[in-house]
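Trainee: As they're listed, the protein sequences go chains A and B.
Once you know that position 201 of the first sequence is 201 in my numbering, the rest is easy, because the numbers rise by one and skip nothing.
Just so we're on the same page, my numbering is the position in the second sequence counted from 1, plus 1000.
These are computed hints drawn from the structure, not numbers from a lab.
There's no promise every hint is true.
Here are the simulated DSSO-like pairs of lysine-lysine, each with C-alpha atoms no more than 30 Å apart in a straight line [stated by the list, open to error]:
1. 1306(B) <-> 1233(B)
2. 384(A) <-> 1233(B)
3. 415(A) <-> 453(A)
4. 1066(B) <-> 1097(B)
5. 1243(B) <-> 315(A)
6. 1098(B) <-> 1066(B)
7. 1250(B) <-> 1147(B)
8. 1066(B) <-> 315(A)
9. 1186(B) <-> 384(A)
10. 100(A) <-> 65(A)
11. 145(A) <-> 102(A)
12. 486(A) <-> 460(A)
13. 302(A) <-> 1250(B)
14. 1243(B) <-> 302(A)
15. 1306(B) <-> 302(A)
16. 1233(B) <-> 1243(B)
17. 1147(B) <-> 1093(B)
18. 1147(B) <-> 1186(B)
Cβ-Cβ distance ranges computed for the label pairs, FRET-style [stated by the list, open to error]:
19. 109(A) <-> 1055(B): 55 to 63 Å
20. 1058(B) <-> 222(A): 28 to 36 Å
21. 396(A) <-> 1233(B): 18 to 26 Å
22. 1008(B) <-> 138(A): 52 to 60 Å
23. 302(A) <-> 1166(B): 37 to 45 Å
24. 1345(B) <-> 179(A): 54 to 62 Å
25. 1055(B) <-> 72(A): 50 to 58 Å
26. 222(A) <-> 1345(B): 27 to 35 Å
27. 432(A) <-> 1187(B): 46 to 54 Å
Heads up, the beta-carbon is just placed ideally off N, CA and C, and yes, glycines get one too.
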Amino acid sequence: DPKSEGYLLPQLLHWISLHFKDCEDGARSVLSQSSDSPEDHVLYWDTLLDFVLQGRMDQARNLLKLHTDFNTDMFASMDQLLRKMPLPSNTVSCGDFLIKWKNWQMEVVSRVQAGEFAVYPQLNNIAEILAGSEEALDGMANKCKTWYQWMVYRLLYTNPCVATYDLGVYAQQAIDRFGGLDTLTSLDSVLLGLTELDLPQVVKELCMTLDGLWFPAHLLDILCHANSLNPNKNVIPNIAGLREYLLLEYATSLMSHNSLWQAGVIYFDQCPVQGRQRLEALLERVALTSNYKANKVIHIAKERGLHSVVASTCKVMGMKALAGNDTGSAMTWALRSGDAKFTTFLADRLLAEYTQSGRFSSTDLLDNLGASIIVSERLTFLGKYREFSRMREEGDNTGAADLLHSLLWSRLAPKYFWITLLIDAVPYLTSDEVLFTSDQTYQLLQCLEELIKDTSIPEKHRIVLEEEETAIRLAVAKNLALALIKEGDNNGGSNSVY
Amino acid sequence: MRVSGGTSRFVSKKCRKLRWKPLSDSLQIGSEMFAIGSWDDEENEVTLWKSANNGDFQLVASVEHKGDVTGMCWQTTDLLATSSSAGQANLYKLEHKKLCRIQEWGELHGRGGGGATCVAAYGETLATAGEDGKVNILNVRQSNPVKVYDSADSCSINDIVFPRSSELLTSNMRGQMKLFDLRSNKQEASSVYMLSNDQVAINCLAKHPSQGHIVITGAENGLLAVWDLRQGKHPTTILSAHKAPVSEVKFHPDQPDHIFTCSQGGELWHWNGASIRTAGVHVSAMNGSGSLDTTSSPWLSSEAVKHKVETTSLISQQPLPINSIDVLGHSVLFGGDNEAFYILNNILL
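So that you can see chain A by itself, here it is in the shape it has in the complex (with noise of 0.2 Å):
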């Protein structure tokens, strides 16, 4: 339903030509027919009239020709009416065309009444239709299979001139004589909003037919940049937010598809409006069923800035890992996340799973995190555990007691591991070397203190407290005086010099 300078009624009849391809085959029939005398063919009539009704004049000329009367007057008459009727082109204006037109149905209207074609009672009716008479064009209403086929033959001859603006009337008229308002079919609506310029009303009918809103929402697309070219911008009021409205709904449709989704992201970006919200929404709910495929739903989230949905996105994959027991892939996603308290989660999961077997089931994962050991402190802590660990593997003890003693003092260690530490400082306390300074052992003892005096401790870790105390604080004593000696010798050897 464009909008175009040019005549209306070229594109109608070539609109209809497309859909009512009877007469082709008719003169197909025809044609085939090799025999003296076409005209008797049970088609040639009909097919020659349809010809004239759509216009098609070469044709036509062509159909009538085979005739074996072709030489009489009369028919010669017809072929030279057929040949001078004047159609529209881009070239002649439309008054100029008017003029030509109406004195060339004069001329036939003359020929009739001067009774040139009373012979042959088809020829006539022919002339008839080309004069515009109303009466022998409503006995083609019979031909012709739908209202909006009679509507353009109708005024193919007796309005060629017909702007959009009218074209409802005329399409009123064509509907009242095929049966009216209550016989239409949901196309026949379509095509009436179309001739009334009701975009809304098509749009509703489309809406209300189709199963998908795959046509309309395209249609809308196409209608809007045709419109954004157009000169005077509001031919069609509120063009763009239908539009939008419509893709909106096409592209949630192909969202909840398994596997047009994508399709459906790359629609939200063409809605100006609304897409990015809809998308975020949207685009938490696609189901993550492989690593390969959240990788394409954070990768979609990243172009388009969507953090949350990102974040979202790495945890619920994170969570997925840990429900099937793989914590190192957890703890990954939990780190491409950013997010602290899932980080803590699955570090204290770590922590735990060491406990309980002595040994860490990621190290890999531990050995190499890198920028990422600072998202959670209980992290940092797990990291430099670790790293504390592979000291005392490979025998670095005054690198391993230094370690330990800060995780304790520092207090990067959590309350319930601090136990597990100070066993682990016996060996250190109770060693030849003396690992600890004076200053260093302090702290440890109060680390210690402070581990008893608090009484939110579980009850496992008491008992294990209880147990272990006596051990400690000998071994706490024992390298607190051997610190001090040490530290005492290095001063007493400056003292010495006085």
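Assemble chain B onto chain A, guided by the hints.
Mentor: Structure of chain B alone, referenced to chain A:
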């Protein structure tokens, strides 16, 4: 670099892996066949296509596939192996224009929704790895796995390749590569390689066709890395390539100075390493002997690669990701989530 002529076809299934069928003899040039594995549909399938001389395509065979096709490779000219997101591996044989499944290894990878994520072949041996961090070694003649590495990795494995018949290389979602020696009985990797200290997944591996110690990887942040497996634990060179995750990297099988990459952002690039040689830059391999090894690949020379490699984009950027790419002779085959495959012919190398 000129590309002339490309053809495409809509297949109404999202393409996950596309692989040229190996030519059984050189007379077949001009009527190459290729297989496509689909994903993310209710019913996925493996289809075999043949390109006719007039640029049209013909569907030769198609067979249902349970789960997404996550990995695909031709074992021989008639045997096609796939790995599935349902956790199994399948072997199909092309017989009388039909694809029949002759072998299925089920439940190789259970845990994790993605099942098996990749498959690689060397001779009669197949290897699969999965989201559960397991690696299975299979033999085409046996219905049970020959060897299983239960905890090959502590997180999901993304890709796998055989650098040599006795070695297996995997890459994981954390940016680590692990090399396994198949002859030993150990369950752990013999070497571990790290991309960087950030947890960036390595999505794909490509092995140099003739020099098995050279590997190129594509990462989730769009970086390409060149590795020499004999030297050090870190990449020789890192190239910032695509802005989107790299989906696949491929060496040209006959001319390994050329590699091709595709990304989730819909890009397809051709990297011409031959210009490094012609630029007259010393291609020095970092071997301990100190002498110049002129047979070494130009990809190992890091400075040259950064400045001299010519990169061409073969297509305009697509709105949807390109998932897979394969190259044979002068033709590049690729496809992705827009449910179509494309072939670019006459790639100049």
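Trainee: Does each hint fit the structure? Answer for all of them.
Mentor: Hint check results:
1. Restraint check for residue 1306(B) and residue 1233(B): the C-alpha separation of about 20 Å stays at or below 30 Å, so the hint holds.
2. Between the alpha carbons of residue 384(A) and residue 1233(B) the distance comes to roughly 22 Å, so the proposed pair stays at or under 30 Å and holds.
3. At roughly 12 Å between alpha-carbon atoms, residue 415(A) and residue 453(A) fall within 30 Å of each other, so this suggested pair holds.
4. The hinted pair formed by residue 1066(B) and residue 1097(B) meets the criterion: a straight-line CA distance of about 21 Å does not exceed 30 Å.
5. With a C-alpha separation of about 24 Å, the suggested pairing of residue 1243(B) with residue 315(A) holds against the 30 Å cut-off.
6. Using a Cα cut-off of 30 Å, the hinted pair residue 1098(B) and residue 1066(B) holds, with the two alpha carbons roughly 18 Å apart.
7. Proximity of residue 1250(B) to residue 1147(B) is assessed by CA-CA distance (about 28 Å); at most 30 Å being required, the pair is judged to hold.
8. For the hint linking residue 1066(B) to residue 315(A), the alpha-carbon distance of about 28 Å falls within 30 Å, and the restraint holds.
9. With a C-alpha separation of about 28 Å, the suggested pair residue 1186(B) and residue 384(A) falls inside the 30 Å cut-off, and the hint holds.
10. Between residue 100(A) and residue 65(A), the direct Cα distance comes to roughly 26 Å. Compliance with the 30 Å bound is thereby established for this hinted pair.
11. Annotation: proposed proximity of residue 145(A) to residue 102(A) holds, straight-line Cα distance about 29 Å (limit 30 Å).
12. Simply put, residue 486(A) and residue 460(A) have alpha-carbon atoms about 38 Å apart, too far for the 30 Å limit, and the pair is violated.
13. Note on residue 302(A) and residue 1250(B): the hinted pairing holds, with a Cα-Cα distance of about 26 Å set against a maximum of 30 Å.
14. Only pairs whose Cα atoms come within 30 Å are accepted, and residue 1243(B) paired with residue 302(A) is accepted, the gap being roughly 11 Å.
15. Distance check on the hinted pair: residue 1306(B) and residue 302(A) sit about 27 Å apart at the alpha-carbon level, within 30 Å; holds.
16. For the hint linking residue 1233(B) to residue 1243(B), the alpha-carbon distance of about 25 Å falls within 30 Å, and the restraint holds.
17. Between the alpha carbons of residue 1147(B) and residue 1093(B) the distance comes to roughly 24 Å, so the proposed pair stays at or under 30 Å and holds.
18. Of the pairs offered as hints, the one joining residue 1147(B) and residue 1186(B) holds, with about 11 Å between alpha carbons and a cut-off of 30 Å not exceeded.
19. Hint check: residue 109(A) to residue 1055(B), Cβ distance near 59 Å, so the stated range 55 to 63 Å holds.
20. Evaluation of the 28 to 36 Å hint for residue 1058(B) and residue 222(A) yields a pass: the beta carbon distance comes to about 34 Å.
21. Look at residue 396(A) against residue 1233(B): about 21 Å separates their beta carbons, and that is inside 18 to 26 Å.
22. In this structure the supplied range 52 to 60 Å holds for residue 1008(B) paired with residue 138(A), their Cβ-Cβ distance being about 54 Å.
23. Under the hint 37 to 45 Å, the C-beta atoms of residue 302(A) and residue 1166(B), about 40 Å apart, fit the expected range.
24. For residue 1345(B) paired with residue 179(A), a C-beta distance near 59 Å keeps the hint of 54 to 62 Å intact.
25. A hinted range of 50 to 58 Å holds for the C-beta pair residue 1055(B) and residue 72(A), which are about 57 Å apart.
26. Distance hint for residue 222(A) and residue 1345(B): a CB-CB separation of about 34 Å, consistent with the stated range 27 to 35 Å.
27. Roughly 38 Å separates the CB atoms of residue 432(A) and residue 1187(B), a value that falls outside the hinted 46 to 54 Å.
In this structure, the hints that do not hold are numbers 12 and 27, in rising order.
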